[in-house]
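Protein chains in written order, with this note's numbering: chain U, 7 to 338; chain A, 2 to 638.
Just so you know, not all the hints are guaranteed correct.
As the list claims (entries may be wrong) - Mimicking DSS-like on lysine-lysine, the simulated pairs with C-alpha atoms at most 25 Å apart in a straight line are:
#1 U:K101 / U:K117
#2 A:K4 / U:K101
#3 U:K117 / U:K149
#4 U:K195 / U:K117
#5 U:K117 / A:K4
#6 U:K139 / U:K149
#7 U:K19 / A:K630
#8 A:K155 / A:K4
#9 U:K139 / A:K4
Think of the hints as simulated: they come from the structure by calculation, not from any bench.
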Amino acid sequence: MPSWARVHVLLEKLGKTYDGQSWAVRDLSLEIPSGSIFGLIGPNGAGKSTTLRMVATVMSPTEGQVRFDGQDASADPLAVRRRIGFLGDGNPLYKHMTPADYLRFYGQCFKLPPTELERAIDETLATFDLTGKRDTECGSLSKGMRQRVLIARCLLHDPGLLILDEPADGLDPRGRNDLRKILERIRAKGVTIVISSHILRELDDLCDTVGIIQHGRLAVAGEVSTIIDSHEVSRFVYELRILPDHDQNDQNDPIDPLARALELLAQRRALVEQTGEAEGQTLIRVQVQGGEALMASILADLIGAGVRVVTCSRVRSRLEDVYERISNNQVN
Amino acid sequence: MDKLFAPLLARLPAFALPFVTRSLRGGQGRRYLLISVLLGIMSVLLGLWSGLSDGLAAQGVRTDLGVEIYEWDRQQQEFAVYVHDDYEHDFARQTADRLRERGLNFDEPRHHEVAQLVDSGYAKAMAAAGSPDGTASEEHERLRERAQAFIMAKPQPSGVSDHDRGGWSGWSDPAAVASLAQLLDAEGVPAIHRYESPLGLRGALGIVGFFAGLLLAACVTVLGPLLVAVAQAQERHENTLMPLTGTSLTPRELALGLVSGPSSIIAIIALPQLVLVLGAAVVAGKLLIGLALLGALAAAGLFVTLAAQLFGHIVGQRRTPGMVGVGLVAMLGFAWLLGASFVGEAQRGHLDIAGVGALLPTFGLASLLTETCLGLPPPPYFNDLLLAAAANSAALLVFSALLLTVLARTIEGRQGPLLSPRAALVGVLTCITLVHVALPWTNFEAELIHWYVGLGLLALPLALLLIARVPIGDNPPRMRGIPLPKLLAEFAGWVALHMLSTLVLFSLIGEPPMPDHYYGEPPSLANLGAMLWIAWCVGVLGLLAIRLVAVPATIGGLLWAGCCALGLVFGAGQAVYCAIERHASAIDMIALSGVSPGLGLVQVIMALAIPISLVQHLRKNLGSVTGAKPSIPTESR
Numbered sequence: 007m008p009s010w011a012r013v014h015v016l017l018e019k020l021g022k023t024y025d026g027q028s029w030a031v032r033d034l035s036l037e038i039p040s041g042s043i044f045g046l047i048g049p050n051g052a053g054k055s056t057t058l059r060m061v062a063t064v065m066s067p068t069e070g071q072v073r074f075d076g077q078d079a080s081a082d083p084l085a086v087r088r089r090i091g092f093l094g095d096g097n098p099l100y101k102h103m104t105p106a107d108y109l110r111f112y113g114q115c116f117k118l119p120p121t122e123l124e125r126a127i128d129e130t131l132a133t134f135d136l137t138g139k140r141d142t143e144c145g146s147l148s149k150g151m152r153q154r155v156l157i158a159r160c161l162l163h164d165p166g167l168l169i170l171d172e173p174a175d176g177l178d179p180r181g182r183n184d185l186r187k188i189l190e191r192i193r194a195k196g197v198t199i200v201i202s203s204h205i206l207r208e209l210d211d212l213c214d215t216v217g218i219i220q221h222g223r224l225a226v227a228g229e230v231s232t233i234i235d236s237h238e239v240s241r242f243v244y245e246l247r248i249l250p251d252h253d254q255n256d257q258n259d260p261i262d263p264l265a266r267a268l269e270l271l272a273q274r275r276a277l278v279e280q281t282g283e284a285e286g287q288t289l290i291r292v293q294v295q296g297g298e299a300l301m302a303s304i305l306a307d308l309i310g311a312g313v314r315v316v317t318c319s320r321v322r323s324r325l326e327d328v329y330e331r332i333s334n335n336q337v338n
Numbered sequence: 002m003d004k005l006f007a008p009l010l011a012r013l014p015a016f017a018l019p020f021v022t023r024s025l026r027g028g029q030g031r032r033y034l035l036i037s038v039l040l041g042i043m044s045v046l047l048g049l050w051s052g053l054s055d056g057l058a059a060q061g062v063r064t065d066l067g068v069e070i071y072e073w074d075r076q077q078q079e080f081a082v083y084v085h086d087d088y089e090h091d092f093a094r095q096t097a098d099r100l101r102e103r104g105l106n107f108d109e110p111r112h113h114e115v116a117q118l119v120d121s122g123y124a125k126a127m128a129a130a131g132s133p134d135g136t137a138s139e140e141h142e143r144l145r146e147r148a149q150a151f152i153m154a155k156p157q158p159s160g161v162s163d164h165d166r167g168g169w170s171g172w173s174d175p176a177a178v179a180s181l182a183q184l185l186d187a188e189g190v191p192a193i194h195r196y197e198s199p200l201g202l203r204g205a206l207g208i209v210g211f212f213a214g215l216l217l218a219a220c221v222t223v224l225g226p227l228l229v230a231v232a233q234a235q236e237r238h239e240n241t242l243m244p245l246t247g248t249s250l251t252p253r254e255l256a257l258g259l260v261s262g263p264s265s266i267i268a269i270i271a272l273p274q275l276v277l278v279l280g281a282a283v284v285a286g287k288l289l290i291g292l293a294l295l296g297a298l299a300a301a302g303l304f305v306t307l308a309a310q311l312f313g314h315i316v317g318q319r320r321t322p323g324m325v326g327v328g329l330v331a332m333l334g335f336a337w338l339l340g341a342s343f344v345g346e347a348q349r350g351h352l353d354i355a356g357v358g359a360l361l362p363t364f365g366l367a368s369l370l371t372e373t374c375l376g377l378p379p380p381p382y383f384n385d386l387l388l389a390a391a392a393n394s395a396a397l398l399v400f401s402a403l404l405l406t407v408l409a410r411t412i413e414g415r416q417g418p419l420l421s422p423r424a425a426l427v428g429v430l431t432c433i434t435l436v437h438v439a440l441p442w443t444n445f446e447a448e449l450i451h452w453y454v455g456l457g458l459l460a461l462p463l464a465l466l467l468i469a470r471v472p473i474g475d476n477p478p479r480m481r482g483i484p485l486p487k488l489l490a491e492f493a494g495w496v497a498l499h500m501l502s503t504l505v506l507f508s509l510i511g512e513p514p515m516p517d518h519y520y521g522e523p524p525s526l527a528n529l530g531a532m533l534w535i536a537w538c539v540g541v542l543g544l545l546a547i548r549l550v551a552v553p554a555t556i557g558g559l560l561w562a563g564c565c566a567l568g569l570v571f572g573a574g575q576a577v578y579c580a581i582e583r584h585a586s587a588i589d590m591i592a593l594s595g596v597s598p599g600l601g602l603v604q605v606i607m608a609l610a611i612p613i614s615l616v617q618h619l620r621k622n623l624g625s626v627t628g629a630k631p632s633i634p635t636e637s638r
């Protein structure tokens with residue numbers, strides 16, 4: 007692995023205006039640790055692509071700067087660009103080339119020696135499960151495979167930083183799953199990955215750190231778990247599982263356990279978010295407005311009322327919940 | 002990778018390798034090779050057929066190329082009729098026999114051309130018999146006596162009028178005298194010959210070389226640039242260029258690499274044609290001229306290809322590659338037609354236009370190709386044209402280097418001007434030199450022509466160089482600071498250089514003498530009115546050029562720019578008028594005031610409004626027109 011493989015990226019008060027009047031991105035400061043996967047989240051038009059283009063040095067910022075390992079990227083953008091694999095929004099393939107030809111073309115552009123290049127092509131095709139499609143024209147490949155070829159191209163020259171702008175856009179669930187596996191494989195090699203998406207479920211458990219961008223400004227950034235913790239302090243959601251049938255010893259009680267539980271929860275002013283069934287048991291998701299002591303009291307009441315509670319567990323927030331609270335449901 | 006081309010690819014420089022490999026991948030290289038061989042065979046067959054065939058179509062090609070004289074002229078010169086088939090041969094011979102038997106007049110159906118030649122021959126003899134030669138040459142006098150005896154002995158054909166007696170002016174033309182002797186020897190009845198091509202194998206090989214040269218020139222100056230421009234437009238249009246800028250290739254290498262891919266296809270296709278041209282030059286004994294042709298072709302090809310690439314890069318961002326191709330073919334086709342028409346003009350004896358070869362490469366190329374392959378005697382303007390073409394080729398190499406810099410910076414997307422002041426100055430000096438080579442030196446108004454026509458010719462290239470000096474980038478105009486005064490001063494400096502060079506050159510060689518019949522006074526270059534209008538034109542042209550690149554175009558803006566351009570043409574005309582009218586008064590500086598005072602007022606208002614409006618527009622749309630860094634907007638999205 008080259009000595010510069012791990013890249014540390016720092017964005018300092020980055021801003022970009024296209025018309026000189028309004029800002030597409032403004033005052034954006036971020037730190038992307040080397041070897042991590044950083045997710046940039048935001049609705050369409052929030053400024054994700056503009057930010058990534060500036061990080062990839064293909065667009066110059068109106069203000070602020072991007073630093074790679076402490077060096078200002080604008081000093082020698084071409085040198086910086088060679089350390090980056092950038093898959094922008096709308097980077098089509100040469101449709102009449104095969105994946106092998108396409109990778110060879112880029113490898114030659116990176117001036118890789120012929121023998122090393124052929125080895126790199128074979129390895130890359132294997133990494134991306136494209137060996138079987140080696141000599142098929144790219145125009146005939148599925149969208150997921152074409153996306154893999156594009157990402158493979160970005161990695162051919164062993165970059166220290168991989169920037170992917172909406173890589174899962176248009177992929178089917180299987181394609182997204184494959185992409186996720188591939189990104190994990192790349193991370194294992196020590197490559198820093200920056201990925202953008204407006205679909206939060208893509209990034210939830212993949213990214214180490216995320217930044218949520220809205221109206222060109224960074225709303226929040228940090229490790230996923232820290233962000234979730236910091237945004238669920240006053241939110242207590244519990245999942246109850248109860249047995250759906252009556253207690254065999256209490257033949258005089260004709261009321262349905264679920265109805266009884268809901269009645270009791272309503273009396274205690276708990277908000278029922280969801281009911282359903284799971285593994286033959288009745289499931290109730292409930293939000294209480296009083297902390298863990300209140301939940302213990304409610305639980306005692308339920309048991310006392312003959313509701314046979316099997317489990318009671320607190321539900322952690324997901325990134326999507328946090329985002330919804332921050333963005334007022336502006337995300338897909 | 003195709004094994005056939007592997008050894009060749011291994012020798013390619015690193016910047017060309019990916020693009021050439023891409024162009025020749027799969028079996029494409031072999032297909033181009035096959036096309037190349039077929040085109041080579043086609044050139045050979047077409048050339049040999051045109052040179053050796055006795056058919057009318059081939060004869061037409063030869064006469065159009067100038068390697069054979071028109072049949073009518075040949076028949077007049079040789080007093081012989083050339084026939085093309087057996088039937089015509091028998092009919093013409095029968096007519097000739099009966100003309101001999103029955104005198105020059107008979108009523109039966111006659112071979113038209115034989116009868117025509119008999120009539121014209123008799124008329125010529127009649128005219129010569131009645132026109133004594135002023136030189137009193139004994140030989141001519143004997144010939145005249147023979148002509149008199151001939152018309153006395155033979156009855157006048159019905160197609161000859163008595164008006165043809167006397168007035169023959171052919172005594173001073175040896176060819177006409179020889180033709181007269183020939184018709185008298187034949188007693189007025191032309192010989193009948195079967196038509197055969199006058200060219201041998203050597204001449205036919207010259208035509209092969211000429212056709213190959215045409216195809217080679219088309220490949221290098223039209224097809225190659227077209228492929229490069231379309232490929233570049235496609236890369237730009239489909240956004241595949243940006244990832245390439247992140248590779249190990251420098252922007253300059255990338256620009257050259259993008260040229261090398263399509264050019265490799267052209268190289269394969271054109272190689273046999275190149276060999277054929279060189280072969281024809283060797284056969285014609287004009288290898289040096291042939292090498293000069295190839296040198297000029299290489300320089301022109303390089304320049305046109307890089308210019309086409311820049312065109313494809315700029316236009317391809319907003320238009321489809323197809324539109325780019327159509328636009329380019331129209332422009333290149335026009336350039337070639339212009340070049341060919343200048344060759345025609347020059348062959349008609351307009352020697353003064355030989356210098357145009359310095360400005361229009363196609364003119365020089367077409368002339369050099371004709372000279373190399375067709376074995377015609379060099380025309381009197383040939384040395385002038387060779388000099389002009391050499392200057393043009395050298396200049397095109399300089400322009401190519403500048404274009405490459407512009408391309409590299411455009412592809413890189415670098416902020417700032419595309420050319421440094423020094424590089425732009427090199428371009429300016431090259432343009433000025435070319436203009437001086439192109440314009441005539443012997444005309445008594447040469448200094449005026451060099452000054453004003455030269456300025457007109459320089460207007461477009463200097464404006465383009467100024468555009469390359471304007472700082473650009475992906476920042477919006479409101480965030481740009483453009484040093485307007487500095488750029489205008491630089492532009493004015495270039496114009497001053499041209500004027501200075503004209504004055505120095507003419508002071509060194511002296512002004513050409515005035516012709517005897519010229520009674521007017523020589524035009525005055527240092528006329529105040531002319532100087533003021535030139536300064537106005539320079540300012541307006543500079544502002545227009547800066548506006549074009551610095552401010553986004555709107556329909557209204559473009560319409561006003563068009564009006565300003567018209568005003569510019571009028572202003573240039575006004576400057577020339579002031580220079581020609583040596584005693585022009587202050588009123589003459591406003592030409593329209595001569596028509597009516599109202600129009601004069603309109604002219605004054607427009608002369609003030611145009612530059613003011615251009616400056617105001619720039620001030621309104623740019624962050625700064627002094628070069629200062631503009632302030633950052635505070636409004637958020």
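Against the structure, the hints:
1. U:K101 / U:K117: Answer holds: K101 of chain U to K117 of chain U is near 23 Å, not above 25 Å.
2. A:K4 / U:K101: The hint holds at about 23 Å.
3. U:K117 / U:K149: Roughly 29 Å separates the two Cα atoms, so the pair is violated.
4. U:K195 / U:K117: Judged against 25 Å, a Cα distance of about 22 Å means the pair holds.
5. U:K117 / A:K4: 21 Å, holds
6. U:K139 / U:K149: Answer holds: K139 of chain U to K149 of chain U is near 13 Å, not above 25 Å.
7. U:K19 / A:K630: 19 Å, holds
8. A:K155 / A:K4: Not satisfied, since the Cα-Cα distance of roughly 80 Å exceeds 25 Å.
9. U:K139 / A:K4: Status holds; Cα separation ~22 Å.
Checked against the numbered hints listed earlier, the structure breaks hints 3, 8; every other hint is satisfied.
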